[in-house]
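Asks: Single-letter residue listing:
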Amino acid sequence: MRCVWLCSLNEKVMRISREEIPIYDSAQRRSHAIFELREALKYRYLIQELVRRDVLTRYKRSFLGIAWTMLNPLGMMLVWTIVFSQVFKTSSITGYAAYVLSGMLAWNFFSQSTTAAMVNLVWGGGLLNRIYIPRASFALAAIGTGLVNLSIGVIPLCIVMLFTGVPINISIIFLPVPMLLLACFSLGMGLIISTSAVYFPDVAEMYQIVLAAWMFLTPVMYPPEVLPAAYRFWILHLNPMYYLVQLFRIPVYYGRFPTWAELIPAILISTVALVFGWWFFSNKADEFAYRI
Amino acid sequence: MNLLTEYKPAVNLPQSPESPEDVIRLENVSVRYRVPSERIGTFKEYMIRRIQGKIQHHVFWALKDVSLTVKKGEVFGLVGQNGAGKSTLLKLVARVLRPTEGKVWVKGRVAPLLEVGAGFHPELTGRENIFLNGAMLGFTRQEMEEKFQRIVDFSELKDFIDAPLRTYSSGMYARLGFSVAIDAEPEILIVDEILSVGDEAFQRKSSARLQTIRGQGVTILLVSHSMATIENMCQRASLLSHGSLVALGDPVEVIQAYRQLQAR
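From first to last, the protein sequence lines are chains A and B.
Per numbering that gives the first Met the number 0: the first sequence = residues 0 to 291.
Per numbering that gives the first Met the number 0: the second sequence = residues 0 to 263.
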C-alpha cells in the first residue's frame, strides 16, 4: 500500500511543467459584465457539470426516473384540459390538449428556470463563499437544465399532437429559435430576480405569487379570445411572455413559420432582458459574498 | 491527533539561491461588513427608509489595514482567536471576496482545502462528484479524465467509486474531497483547519503529500488553532486580532504573542 502511493508521489514530482500562471489583482478590472462573461466561458465545463447534476439528481431516487420530465407536463396538461374544457366549457379550439401543453412547456421553462436560478444562488450560495466560481454559473446552469427539460418535453407534445389530430408540420424545425429566445429572456429575468433575492429575501416568496398571477395573465391555458375585449390588447401586448409563448406555439401547434411582426418583438424583449439582467447582476456580484 | 505535527519541515526546504518571488501581496487591505442595525426584509420598507434616510448600518471591520506578502514555496501560518479575520483573509486570497479598501494581488491558481467536499452532491456517485468538484476548481473534462485515476488511487475508494455519496461514511467523504483538492496542483493551497480527516493512515499519507507538494514550490497558507502545527509547519506566521495584524514573522514569536493576547 505504502509503496503504491509513494510511487504515485514520485510520478507527480516529475510532471511539474505548467502553463502560464494566472495573476489576480483585485485593483485591476475592466467592465464587470465583460469580465463575468469571460469567466463564464472559461468555466463552461462547470456549467455543463452543474446541468448534468441537476438533470440526473432531480429524479434519481424515483422509480420512473427521467421519464418524469415527460410525465410531469403530461399530467399537468391532463388536469388543465379537464378543468378548462369541462368546468369552464372553453374547448372552442381544436386540439385543446396540444394547445395547453405547448403553452405550458414554454411557461414552465420560464417559471422553473428563473426560480431555480434564484434558489441556487440564495441557498447554494454558501459555495460562493468557499471557492471561486463565476457567480453567473448557477443561473446559467438553471437555464441549461431548463433547456434539457424543455427539449425532452417536445416528445410528449408531438405524441399529444398525433393523438388529438393536430398536424405536425415542417415548421417544427424553427422551434430552436423560440427556445433560444425564451432562454435569453429567462436568463435575464433569472439574473435580476436572483440579485434582488440576495438583498431582499422576501423577493423569493413574492416571486411565486407574481408568477401565479403572471401565468393567468398569459394565454397559457386559455385562448386569448376569452379575455374581455376591452382589456385584451393591453393585457397581451404589455406582457413579454405573451410574445414568447406564442412564438413557441406557432411552429408546433399552429404549424407555420412566424411572421416578422411576431418574431421581432420577441427578439427585442429577450435581448433587452438579457443585456440588462447580465449587466445588473455582474455589477452587484462582487457584493454577494458580503451578503450571502 | 494532528497529522501535521508529525513532520519536521524546514530541514531540507528547497531554497533557491536568490530570494524567492512574491506570490501573495496584501496592501493596506480592509474589509468592511455593513450589518443593518435593524432587519429590513422587504423592498418597500427599504425604499421608504432609504428615502427618509433612516437606514442605519452597524459597521464592522473584519480586516483593518492589513499588509503582508507571502513568498513562493513558503508555508505561512495564520493564528488568531475566533472572529479575528483569518477566514476573511483566506477568502480574499481565494478571490471569493473583494477587499473594501486596499489591494490583493495573487499569482497563481488557488485551491482551497477549506471544508472539504463543500461542493459534493449526495445523490451523485463518487465518480460523478470527482468530475463536478474538479469543474468547480476550474478544470476541463479532459484534464479531469487525466486526473481521475490518480485521485481514485489516492483516496483508496476504488470499490465505492460508483456508489452514491450518501452511502459514504464521513471519513470517506473527507478523503474524496481531500484527494480532489490535493490533485488540483495549485500554486497556492489554502488549508483551513481540516487536516484531521480520515483515519490515522490516511492522515499520515495526506501529510506526506503536503510535504511533497511543498517540495514542488507550492505555497501553503495555513490556518490552525493548533500551535504545534503552526510551529512545526510554518516558516513564517502572522497573528490577527480584531481584524488587525498584530504580529508577523517567526512562528515561535508569533505564538508567544498569541498566548500573551489570550492571557490578557
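Note that these hints are calculated values from the structure, not bench results.
Be careful, since some hints might not be right.
Calculated lysine-lysine pairs in the DSSO-like style (CA-CA distance at most 27 Å, straight line) [stated by the list, open to error]:
| id | chain 1 | residue 1 | chain 2 | residue 2 |
| --- | --- | --- | --- | --- |
| 1 | B | K43 | A | K283 |
| 2 | B | K157 | A | K283 |
| 3 | B | K43 | B | K70 |
| 4 | B | K146 | B | K106 |
| 5 | B | K71 | B | K43 |
| 6 | A | K41 | B | K71 |
| 7 | B | K43 | A | K59 |
| 8 | B | K71 | A | K283 |
| 9 | A | K283 | B | K102 |
| 10 | B | K106 | A | K41 |
| 11 | A | K41 | B | K146 |
| 12 | B | K106 | B | K63 |
| 13 | B | K102 | A | K41 |
| 14 | B | K102 | B | K71 |
| 15 | B | K146 | B | K157 |
The following label-pair restraints were derived from C-beta to C-beta distances [unchecked claim]:
| id | chain 1 | residue 1 | chain 2 | residue 2 | range |
| --- | --- | --- | --- | --- | --- |
| 16 | B | D152 | A | I167 | 50 to 58 Å |
| 17 | A | A66 | B | G214 | 50 to 58 Å |
| 18 | A | A66 | B | D152 | 50 to 58 Å |
| 19 | B | G170 | A | C157 | 43 to 51 Å |
Here a beta-carbon is modelled for each residue, glycine too, at the ideal position from N, C-alpha and C.
Asks: If a hint holds in the structure, say so; if it does not, say that too.
Replies: Here is what the structure says about each hint:
{"no.": "1", "hint": "B:K43 with A:K283", "result": "20 Å, holds"}
{"no.": "2", "hint": "B:K157 with A:K283", "result": "43 Å, violated"}
{"no.": "3", "hint": "B:K43 with B:K70", "result": "50 Å, violated"}
{"no.": "4", "hint": "B:K146 with B:K106", "result": "23 Å, holds"}
{"no.": "5", "hint": "B:K71 with B:K43", "result": "51 Å, violated"}
{"no.": "6", "hint": "A:K41 with B:K71", "result": "26 Å, holds"}
{"no.": "7", "hint": "B:K43 with A:K59", "result": "41 Å, violated"}
{"no.": "8", "hint": "B:K71 with A:K283", "result": "33 Å, violated"}
{"no.": "9", "hint": "A:K283 with B:K102", "result": "19 Å, holds"}
{"no.": "10", "hint": "B:K106 with A:K41", "result": "18 Å, holds"}
{"no.": "11", "hint": "A:K41 with B:K146", "result": "19 Å, holds"}
{"no.": "12", "hint": "B:K106 with B:K63", "result": "23 Å, holds"}
{"no.": "13", "hint": "B:K102 with A:K41", "result": "24 Å, holds"}
{"no.": "14", "hint": "B:K102 with B:K71", "result": "19 Å, holds"}
{"no.": "15", "hint": "B:K146 with B:K157", "result": "14 Å, holds"}
{"no.": "16", "hint": "B:D152 with A:I167: 50 to 58 Å", "result": "52 Å, holds"}
{"no.": "17", "hint": "A:A66 with B:G214: 50 to 58 Å", "result": "53 Å, holds"}
{"no.": "18", "hint": "A:A66 with B:D152: 50 to 58 Å", "result": "37 Å, violated"}
{"no.": "19", "hint": "B:G170 with A:C157: 43 to 51 Å", "result": "50 Å, holds"}
Checked against the numbered hints given earlier, this structure breaks hints 2, 3, 5, 7, 8, 18; the rest are met.
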